[in-house]
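**Student:** Sequences and hints are given; from them, build the entire structure.
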Amino acid sequence: MKARWWKKNDDSVLCGLCFRGCMIRQGMAGKCGVRLNENGILISPYLGKFCACAVDPVEKKPLYHWNSGSFIYSLGSIGCTMDCPFCQNHSIAFPIKNLCEKISELPVHELIKNIKELGLNLVAFTYNEPTLQAEYICNAASALHEAGISIALVTNGAMSCEATTDLLSCLDKTDAANIDIKAFTHENYKKLGGNLDTVKENIKSFTAAGILVELTNLVVTGFNDKAEEFSDMVDWIASISKEIPLHVTRYFPARNYHERPTDLETLGRFVSIAREKLRYVHVGNV
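Residue numbers -1 to 284, in our numbering, belong to the letters of the sequence shown in order.
Read the hints as simulated data drawn from the structure, not as lab findings. Treat the numbers as computed from the prediction; the structure is a model and nothing was measured. No residue lacks a Cβ here, since even glycine has one placed at the ideal position from N, Cα and C. Do not rely on the hints blindly, as some may be mistaken.
[Said to hold, decoys possible] In silico DSS-like links for lysine-lysine, alpha-carbon gap of 30 Å or less:
#1 Lys198 - Lys171
#2 Lys58 - Lys240
#3 Lys100 - Lys29
#4 Lys6 - Lys188
#5 Lys275 - Lys5
#6 Lys171 - Lys224
#7 Lys202 - Lys275
#8 Lys198 - Lys29
#9 Lys275 - Lys58
#10 Lys171 - Lys47
[As the list claims (entries may be wrong)] Pairwise CB distance ranges (calculated):
#11 Lys0 - Glu263: 48 to 56 Å
#12 Lys240 - Glu185: 22 to 30 Å
#13 Glu185 - Glu241: 25 to 33 Å
#14 Cys51 - His143: 17 to 25 Å
#15 Thr183 - Pro259: 16 to 24 Å
#16 Arg267 - Gln24: 50 to 58 Å
#17 Asp164 - Gly67: 28 to 36 Å
#18 Arg277 - Asp164: 29 to 37 Å
#19 Lys0 - Gly67: 39 to 47 Å
#20 Asn7 - Pro55: 43 to 51 Å
#21 Gln86 - Lys188: 16 to 24 Å
#22 Ser66 - Glu274: 21 to 29 Å
#23 Glu115 - Glu160: 48 to 56 Å
**Tutor:** This is the structure we're talking about:
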């Protein structure tokens, strides 16, 4: 399927989905692995295709202040716009060929049918980076809303300004997002293949649009576990709104990162720091 955010540049195409702006040569893929230059056109062959499906408590996203106590239909596809060495869902975020072959198409009418047959009215695009399905989400949003189904995104917040604007125009105030804020220094974000300024701008944009926003900070041993950095992040969140919920989450070894799990004393200290400035602070993975 033809992608939405791109420009042709001689023999290459410039992808405009995330902050990175990959210049992709003929026959190659962008950093995400799932946006391809096919004869001078940017395509995304996995749009509307998913490899992970589950019914979860909405709190598992985590979303504690949006339809709490409900269950949500969760969908995951493949690929990611960042490259975290401690990714918990690396098997689909960085897929191997045999997984790509197992992915299945899910037309919007079938998605609605599946959700309704389960007696649900919520859907989450989650597990991998959901904005790689942004075209599908934009196309599906109106039909989902008309069917009484609200949408949640569990995202790294790395979208370009243009993609964010278009995506927000399709969402409404019944919808929600949990945005990962993975660190609070430019250096650490660069290590993850991300961009702190982009994430900050997108958090502000989603909040201003009236989307219910909750944030997650995974406290990773030896990476972002310095109290000063965490405190700076909390101050910044509070400057937008003290009402934004923050999930302070324990890390466990995954993918290529094998430091010990987050020290519980560190986690407790960070929670105390956050609760001095924010109204809603939750602990995860303990």
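**Student:** None of the hints should be skipped; say for each whether it holds.
**Tutor:** We went through each hint and held it up to the structure:
no., hint, verdict
1, Lys198 - Lys171, "holds, 20 Å"
2, Lys58 - Lys240, "holds, 22 Å"
3, Lys100 - Lys29, "holds, 21 Å"
4, Lys6 - Lys188, "holds, 27 Å"
5, Lys275 - Lys5, "violated, 43 Å"
6, Lys171 - Lys224, "violated, 35 Å"
7, Lys202 - Lys275, "holds, 18 Å"
8, Lys198 - Lys29, "holds, 21 Å"
9, Lys275 - Lys58, "holds, 24 Å"
10, Lys171 - Lys47, "holds, 26 Å"
11, Lys0 - Glu263: 48 to 56 Å, "holds, 51 Å"
12, Lys240 - Glu185: 22 to 30 Å, "holds, 28 Å"
13, Glu185 - Glu241: 25 to 33 Å, "holds, 30 Å"
14, Cys51 - His143: 17 to 25 Å, "holds, 21 Å"
15, Thr183 - Pro259: 16 to 24 Å, "holds, 22 Å"
16, Arg267 - Gln24: 50 to 58 Å, "holds, 52 Å"
17, Asp164 - Gly67: 28 to 36 Å, "holds, 32 Å"
18, Arg277 - Asp164: 29 to 37 Å, "holds, 31 Å"
19, Lys0 - Gly67: 39 to 47 Å, "holds, 40 Å"
20, Asn7 - Pro55: 43 to 51 Å, "holds, 45 Å"
21, Gln86 - Lys188: 16 to 24 Å, "holds, 21 Å"
22, Ser66 - Glu274: 21 to 29 Å, "holds, 24 Å"
23, Glu115 - Glu160: 48 to 56 Å, "violated, 36 Å"
Checked against the numbered hints above, the structure breaks hints 5, 6 and 23 and satisfies the rest.
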